[in-house]
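Enquirer: Listed below are the residues making up each chain.
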Amino acid sequence: MKKATLIIVFFMSLFFTSCEEVVDVNLDTAPSKLVIEAAINWEKGTTGAQQVIKLTTTTGYFESKIPIVTGATVYIRNSSNQLFTFNEVPKTGRYVCTNFKPKLEEQYTLTVISKGNTYTASETLKSVAPITRIEQNNEGGFTGTDIEIRAYYNDPGDADNYYLYKYLYSNKVTSTYYADEDKFYQGNEFFSKSNDDDLEVGNTIEITHFGISKQYYNYMTILVSIAGSNVGGPFQSPPATVKGNIINTTDKTNYPLGYFSLCETVTKKYKIE
Amino acid sequence: MSGCQAIIISNHKNGAYSLEVETYYKKIQNRLDYIDGADLIANDAIEQVILNGRMRAYGLEIMLKKNEGKFNGWISYTLSKSQQQTPGRTPEETGINNGQWYSSAYDKTHNLAVTTAYNLNEKWSFGANFALQSGQPVTYPNGQYEYLGITVPSYGLRNENRLPAYHHLDVSATLTPRTNKDRNWKGEWVFSIYNLYNRHNAASINFRQNVDTGANEAVQTSIFGIVPAVSYNFKF
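Protein chains in written order, with the numbering used here: chain A, 9 to 281; chain B, 13 to 248.
All clues given are correct.
Some chain A residues well away from chain B (every beta-carbon gap over 12 angstroms; in silico):
{"no.": "1", "residue": "GLN58"}
{"no.": "2", "residue": "GLU96"}
{"no.": "3", "residue": "THR106"}
{"no.": "4", "residue": "THR117"}
{"no.": "5", "residue": "THR119"}
{"no.": "6", "residue": "THR126"}
{"no.": "7", "residue": "THR128"}
{"no.": "8", "residue": "ASN145"}
{"no.": "9", "residue": "GLU208"}
{"no.": "10", "residue": "LYS222"}
Residues from chain B shown here face chain A by an in silico Cβ test under 7 angstroms; the list is partial:
{"no.": "11", "residue": "THR151"}
{"no.": "12", "residue": "TYR152"}
{"no.": "13", "residue": "TYR157"}
{"no.": "14", "residue": "VAL164"}
Because the hints were derived from the structure by calculation, they are not lab data. The beta carbon of each residue, even a glycine, is placed where N, CA and C say it ideally should be.
Based on the sequences and whatever the hints tell you, model everything.
Expert: The structure is reproduced here in structure tokens:
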């Protein structure tokens with residue numbers, strides 16, 4: 009009998025060995041592309057005068073460092089042609105403006121000149137509904153035992169709204185994003201929720217809601233999908249590079265990555281009780 | 013989908029050996045493919061994420077058989093190509109891979125199969141199979157970038173890469189007891205080992221960011237390693 013058990017254990021173990029393993033794959037690296045992170049965020053109740061635009065490039069998939077772009081000219085104009093210049097912070101790839109004037113539903117145009125190419129994009133600053141309350145549910149998740157946090161807001165009924173939720177967890181390295189549209193809750197109270205099975209009492213969460221345009225909603229939905237959780241699943245998106253709203257006017261085929269977005273934001277911090 | 017196919021077959025037989033050579037060309041219309049970045053979950057307008065294209069497949073198949081004797085079996089080899097073309101609907105749309113021909117998911121350049129049997133005596137016979145195939149076309153990232161602190165892979169054209177070659181060797185021994193002769197119940201024992209050298213053939217390779225280290229990694233999923241089996245077949 010002992011022998012039979014051993015044999016069964018041996019055969020069972022064969023089925024479970026090495027289903028998934030980390031392997032070495034030789035990947036080609038395409039010529040690097042400019043990545044423009046021009047995310048203008050205006051936190052409710054602040055002036056929004058200080059804004060940062062980051063310029064980086066693509067790099068090999070297994071590289072650990074993202075290269076930065078220096079020596080570029082970066083500025084934004086509003087619809088009345090007022091100029092906001094972004095000055096480079098040396099050796100960081102960050103370009104900072106200290107006199108930006110955000111205004112809801114205002115149209116802005118971004119210009120980036122780098123290495124002989126001119127990149128432009130236009131976008132409108134979108135508003136966001138305030139977070140009214142935060143609720144903690146200790147019987148959330150798939151198993152009914154996880155801690156789940158919900159941040160509620162009242163969707164304005166007179167417009168089609170698009171939202172981006174950002175959750176920054178004190179127990180995780182990276183923050184998570186989720187894009188949402190009000191199609192199914194137009195004019196009603198709705199919520200964003202946490203997606204972290206490992207939340208414990210004492211952890212803190214920083215919740216940010218961004219008001220975004222429809223185009224940016226489409227962009228972020230695809231970006232989040234190809235960047236993370238959806239990879240390898242049965243509903244996997246065909247892998248592809250997602251293009252943003254920034255155009256290279258010098259050489260159209262050498263398109264940049266990233267996006268020029270303008271959002272009003274609301275941020276709330278919450279400590280798990 | 014609609015298609016048409018042309019085949020040329022030539023067949024030679026010489027004693028215990030036979031040789032078959034076949035070439036084919038096949039065309040298929042209205043072959044659908046998902047657009048770049050198609051999201052299928054809860055999508056109520058699937059027609060917006062698919063594009064209509066066409067497909068062509070052609071190849072050469074060779075099969076050498078030994079039909080008689082204690083030792084028999086066959087070797088078959090196929091050299092083939094299966095491609096798709098999916099242009100955009102308007103000149104502004106890029107379609108898939110800018111409307112150029114690209115490998116379909118079923119493309120296998122080389123496909124070698126060897127099947128042999130050796131009948132030692134009335135009691136014992138042995139068999140071995142070997143399969144060697146080109147890996148399936150897949151799309152690997154050709155770069156990465158960072159946006160809002162998210163690490164995003166960037167990709168080149170679709171199906172430009174291939175999974176590692178797929179191969180495995182299987183062996184079997186069949187025992188036919190002598191007691192079969194005098195009864196209606198005819199049974200045999202088959203002892204076999206699938207994937208004898210425990211090759212981890214990749215079913216897929218996924219790319220992800222390790223949640224603990226933040227570094228990117230490639231993860232291979234393989235389904236069967238070595239699988240020994242004992243089976244009993246009977247006729248009555």
